[in-house]
Amino acid sequence: MNKEKQKNKMKKKLISLFEITTLMFSMFAFMYFISFAFLISVPLASAVTYTPTGCCIEGNDGAICQDFSFLEQDMCKTNLLSTNCASVENCQKGCCYSASEGICSLNSPKEQCLLNGGNWTKSPNCEIPQCTLGCCVLGEEASVTTPRECTKLSRQLNFETNFQPMDASGACQAYTGGSTKGACLTSTNDYSGEFNCKFTTKATCKSGDFRPRFLCTAPELNTICKPSKKTTCIDSKDQVYYLDTCNNLANVYDSTKLEDEAYWTVKIDPASSCSSPGKDCGNCDYISGSVCEKYRDGKDAKPTYGDNVCRDLNCANGKKHGETWCISDYTNTETGVAPIGSRWFKGICMDGEITIEPCADFNNEICIQASSNSRTEAQCIMNDWRSCISANDEETYEQVEDECEDYEQCIMFLDIPGNEQYVGLPGFMRTNTITSDFTDPRGRVGTIGANANTILPHCVPKNTPGMVFWETQDSSQALQNMLSGGNSSGSGSSGSSSSNAPIASAGNQYGGTLAETQAICSLGSFTCVSHKVTDNPNGDTEKTDRGNWQCNLQAENSEAQETVPLMLEALNERCRSLGPCGLYVNIAGEIGNNEFDNSTISRTYLDANGNSHINYNVQGYELGEGYLSGLSGKPGLVRAGSLKDLTMALARAIITGKLTSEETATRTGIAQQSQSAISAANENTQSNQQIISNVGGAIGTLGLSQMSFGTAGVAGAAGATTGAVAGTTTLTAGMVSSTPMVFGASSASTISVGGTVFNTANGAVFVTQQGGTLVATQAQGLGTVTAYAAPGDVAVVTPAPGTPAGGSAGAGSLLAGAAVGMMAGYWIGVMIARNSGMTPGETTSFVGAMMGVGAALGTAAVAVYSAVTATTTTGATVGFAGLSWAGFSAALGPVGWVILIAAILYSIYSYYFTGEDHEYWIMQYTCEPWEPPTQGDCSLCNKDIRTCSEYRCRSLGMNCQYYIENGEPGYCASLDETWSATIIPWPEALTTGLSYSEVRETGFRIINPTNEGMVEKQESFTFGIITDKYAQCKIDNKHTSTFDEMSVQMETSIPAYSAQEAQNPSQGSYHKVTLSPHMGNKTSSDTLGFVEGENNYYIRCRNFAGMYNRAEFAVKVVADKGEDLTPPAITSFSPVSGSYLKVGENSSSVVMWVNEPSDCKYSKENKLFNQMNSSLYCMTNPESAKLGEWPCYALLDNLNAGDNKFYFKCSDQPDLDLNNTARRPNVNENPKEYNIKVCKEGLNITSITPENQIITGQAPISAKLEVKTSGCIESGKSKCSYKFENTDYIQFFSTNAKTHSQTFTSMPAGNNKLTIKCIDDAGNFDEKEAWINVTIDNLEPIITRAYDLSRNLVVLTNENSVCYVNKNVSSKCDFNLNPEGIISQNLTLMEGIEKTHRIAWEDNSLYFVKCRDVFGNENPQCAMAIKTYI
Amino acid sequence: MKKEWIKVNSKKGQLTIFVIVAIIIVFIIAGFLLLNKNSDIPSLKENPSGYIKASVDKCTKEAIEEAEKVIIKNAGFIEQDNPWIFNLTSYELLCDSSGKNNLCTNNHPMLIVETQNQIKEYIAPKINACFETIKSSLRNYKYQSESNEINVMIVDKEIRTEIKKDLVIEVNEQKVNIESFNVKISSPLYKFIYLTNRIINQELDCNCGEESCNADLVNLMRYNREFEIIKPVYGMNGEEVFTITEINSGKQFVFAIRNCAY
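Chains as they are written, first to last, in numbering that gives the first Met the number 0: chain A, 0 to 1429; chain B, 0 to 261.
This is chain B alone, in the form it adopts within the complex:
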């Protein structure tokens, strides 16, 4: 009799435990979902346009920031084009005389354009992936989009990106039409390239063997007080490495030239 009573009781207990565990699991999942919900991105149902723009903005910014990080390290390139290795470190030679006692040839006279293209190439697949993600999140809605066109502009203190993409979605009988997305991040890249150009031009404004070919870094810093420019490395064949540092952010743009080799 006693044993029977125990059996009944334990079944009830098991049931109770299962219920409690189920409730806990539900709460954990709900909490997880809530925590994962990105509060920066508006709700799709309430503000579909805002949702898409914020999503694109977020992933584009991330992509540009990634690109910027790599590019300022490689003097304007995702992958170095003309590397010079010194002390196990590889530097991009933007101006090269191939070890001859000549003025160096400016390998990248349109560096800013090339850099813009580099960024564009780097971010394009990421932005496309971003749109794919958005598209999948809109699978329950009507979604229509044309292929996108990406423009990257490097301007003073900013990198601006314009994504032209005709995008139409219908959410809750509401038709949303987006033609373009404009995303920008703060970046010293323009000034890095500007200063690089000035440095190379000044290094080239001389006669090899007759005079010392050195850019006037002090004067450049005088008019660009937010930057520090140093030449920390000198190679055997006239190589010079320049480091331009934005003082506030600590970001460093590093490049090398090989000029008037001796």
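The following block holds chain A by itself, in its conformation from the complex:
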């Protein structure tokens, strides 16, 4: 109890303590809230309470001159002054100006300013001149500064101080860029009050009166410069600018403003100028696609004024600047067959001009293009047609198909869209399973044709190759070329037809030889054998027509009427898809000369007698009109000669954009594959050639078989050996069937074969025929004795002396009689059949019947004989008179009757129910090289932007020849066009002021009409001639005999911008030459001189075919006297000014060209010629002249990194003394500036991507190699090449820039070591190596485990995959993972894209699982089939 009480007390104590504590906290809390409310109210109360403020000179936090209330006194480091800061002198706020720096600071305390050396003024906003902000013009830039700041900046940056007020917009925009230019006026000093003027910057206008932004043509400036129609382009600006009469730059060209004074007064921003670039407006803009360029006649819109235009950088065909695209001779679909002679080209649009680059000839390259952002890019890639041909080496159709699918550029013939109609025709099956049935689709009937058409070439190239289809070189060379895969520089084409000399050409220009083409084409050849069998020809009870391949129009098969035309079409389609084979059109759209004559379609008929009927009727074996017209009117063909002009928008029509597939990898061993293809083709060809004889031989065998004894005959003969009938049996070689005849061993008899006598008592004698020879063998002792009888020999079977015949006919005698009769019947039958011309089938039945008759008669004869003999021996009537029916019947006996009746029945049976006849029709289609039309328009090849080549030329017609006498690309012409060219003067080439006179067929004169016909002695001049054919012309000043003897080559050109210009500039119709007075009467290899008085020149022109005018064409010139008063002109340098030298080099040799023999000097500063110390070594003799110019050589040394400027000057007439006042040489004191730059840094390969990487994927693996370079020329512009181990360097596809790229479409597996080499124009070089490790994964994923996890079926794969489940029990594992398959088969995707995949578990269900890895490898069958249980 006490304990209870104590417990209660304790409880109460605790409760009390808690209550007291709570009360105390509550009190504090209440007081806190009260106090907070009080605090809040304090400022409210103070807001109405005035507190005095004082100035704090320096606050605790560092603030200066701040007014604080005295309540904040603690915040001030010093005592608060009893006044506000505005009243404290040191805290006066004003402008602090730094006289040295030019910096002005607003609201600055006076003391703080003065303390640091500033100037203080009582202007809070610094409204003092020193602080006026303006524009400090620093070159082409401007900055907002005070005047002093500007001075400092200008001094520091080496500019003249140019402090300008801010522009109207309160900024300095007006002073940036070129707007600081203006008119620089200098006095003319002629008291006219006019000024000379130069439009320049103020910096350069040091001695003149500078008028910013004014043009020199401003009327108020009163200058001598006036507006003009001249225009110019300037570097770094896009626009066309007007020039004034002083050649000063004016505003942007605007033809409507020529007379507008205001437009010629001040500089106007291009943005405010005309806005439609064209012939009247020069406000070009590169970004918008135009830039200032020199006007080109015929190509640009002629400007209203001046000779510069805004050239549209984009091209007339709608292509943009920098775009490339594919051009072909036809609109190519993915699987188009190229017209013969066609070639791929790449069109390039650059600076508004279209240029054409050909891909490799003979379609060895094809062009592919891709588009992005409305731009196209094209490239020529290898045409891998050889792989397609090689694919046909496989054994079965399926294997060929698999191989074919491995190559992107190949396709199975029957898979080409439109070719489905051919499926099922003879030779166009989608299977070639070998069967013995006559329906075997490979053209085989029994053994006939077994070696022909073993595999029909079903895999064909998507892009038909071009090949030589004309006679070229010998076959051994061709074979050599083929072995090298055409990659050696073998003779790609025959070259000039006239010389027939091989031309070394690049590997990818190889077109093979006619032999190779024939071999390739023969892969499309096909043999179709029809076989007809007629049963029981005499009975005529039944006929069969077996093995008809539906290619026999003459057969009684109506189906053939429909299938033969379609089959011929299919055969031609397949033939032409192999190359220039079969019947097809050329690039002019003209169909070739191939016809379905005997060389293409031939038929042979083998009749029932085995007689061959070659050149059998081919009536009806023709291609349909519809098909032919479809070929000749091939849609999309852009005919040769139709693209004549580079700038024509016609090019738009030839854009093809359908090929987007990437290049398949360069395959090794193409040559070998190709060779094997050719071998196979050759075998095929041979087989085809042999097939007729094979078939004939086979038919002969069959015929003999029918004509042999057959089993019955042999039995008869064998029976004879067992009988007792005396006599001999003769077996003739060539008439024994392959079934051996056995002569029994029981009855003694002898067999004589080829002189060897066998005694049948010693054992069985086997007599067989082997290839027409009788062979008899008999086992004797341990060996075998063999005897042979040549055809025509006989085996004589002689019975051993037997028991004399009894009085009555025994069964044996009757049988013997039957046998003998049968033999006799046989021989008689054969004789009759032969003489009556029966077929083998009829012969068989007739001989059979005769044998039956013979047997019957033999039997009857034995019976008669027995009856007669019996009568005689028994005393009956002797002779036949005693023969009675009863006796005959008795002699015949029951056996005899049986034999007799059987023989008669056999005879009837044989005649009506045995024998068969075989007939064969063999159709042979030969796929031959294409033949060009007999006559074609050869000039079409030349009149086109697409480059002519021999392949193109020859395709136009048999009359077309390709001439390369004047170099490649040559000229396509017919033989009758090759006569030598005629020559007439070229007026436009003649120097102004001169004219041609006395123009005749043999020559003309050049005269100066204003100088009594004489040309100026000291002035060079130019003249030219026109030839009526493309030619090269030479000129000489002395007579020669041949073209080659002449010394100076005339400069040849083509009519402006013609198509031929793009093809071969080395020959043309226009030829000119410049004559130099500095040459005297001498000549160099390319320069002629002239002297005072009469000068004669002789010209010969050699045309494209090598023909030239034997008689020279003469040109006469008379020159007057004259003194040289003009200084020499420096025309060019090599290397050109601005070239780079590689890093570390400090010297460079330079060649300078001068227009006359001279002495030349140079220096680093612009000095007078006499003061220049360094001389060049100048060639001065006439023979040294090159195109009328003379070279000077110098070694520029002590070059520094960066720019090295030199000044060059020349003095003419080197033989004269400069100090000779009487006759002084002419010195050009106007120097030619030359700059050679030395790189400060070398070339570096900064990055290689991918570098040392592992790439994994399904073959073929593609990788893009990208290399970046840095260096001195344009920050690293260089050319890079790459090489794999054991290969040569190959230039990157995209290079000559800072970034270089190359795409490999089929990287080989393994560790590929790449070496990359880059070199820039200066010779700086860098080389690096990289590794690309390629792992090819062609294996499908494997399910390693399957299990139940939380009612989920989980499968584990050995690699990252996606897995699908099919639960359809009927289809099981027969489902596809392609998108259509997934949907149509209702497949379920398992969750998980890595190695673990799951799907909901269902009891007692079947799961058929297939997986696909990240590289696309998928299970062909189920990866796993899983059944779930409860």
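Don't read these hints as lab results, they were simulated from the structure.
It cannot be assumed that every hint is accurate.
Said to hold, decoys possible - Here are the simulated distance ranges between beta carbons:
id, chain 1, residue 1, chain 2, residue 2, range
1, A, 1145, B, 77, 27 to 35 angstroms
2, A, 1327, B, 141, 50 to 58 angstroms
3, A, 123, B, 69, 27 to 35 angstroms
4, A, 369, B, 155, 46 to 54 angstroms
5, B, 116, A, 86, 27 to 35 angstroms
Ideal Cβ placement from N, Cα and C applies to all residues, glycine included.
Given the coordinates of chain A, work out where chain B should sit on it, guided by the hints.
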């Protein structure tokens, strides 16, 4: 007998080891000395003038770079003069209105001069130490020098330092007389101060309470494209922090103003 032979042999071995170790030590020391040799500084014997100039140049540059690093962080000062702490970061208030609704007072109207002085003060002892080091390295030569005078100039893109010091040494009977050393480093400090001045002036070119007082940073950046100017921090009492970044180097000049407090 055998034991005796072993003893003799081991002594030889020890000797060999000692020799090898000695050679290795010599090589290590030589290598260490070679590696430590500053190839940038010319040889004292061959080019005494070059040696001294290069030495002074090196340590002066290091000192200026140190100073610059601190100064651009503290808005022109080695140690902040009028700091404002916000979010645990201290910013120098270059213009302060002490929380009043007034235009701020430009605490440092001659900031560039003050900064130059700050740098000068910072580098002076380091340069003196540098000369002492040089002097000690020239202890074998006659060395005579007057007290030096240091001038620091902050100009566009550079900090230039001129050290006037009459210094005479005799090396190999060759008397070398150097009067001054000119050292400069690349620095955006001038433009930082220039832009700071423009910003403060523009912030002050207004009437508090009547208009918004903001510098036209966009226009400033337009004419100074190599710099980026942002105001990442705003305080409760009109404080604004400005960060000027030189884009190429990434150097940042940070300062604050307290203007028109509200």
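Hints versus structure:
| no. | hint | in the structure |
| --- | --- | --- |
| 1 | 1145/A <-> 77/B: 27 to 35 angstroms | 48 angstroms, violated |
| 2 | 1327/A <-> 141/B: 50 to 58 angstroms | 55 angstroms, holds |
| 3 | 123/A <-> 69/B: 27 to 35 angstroms | 32 angstroms, holds |
| 4 | 369/A <-> 155/B: 46 to 54 angstroms | 50 angstroms, holds |
| 5 | 116/B <-> 86/A: 27 to 35 angstroms | 30 angstroms, holds |
When each numbered hint is compared with the structure, a violation occurs for hint 1 only.
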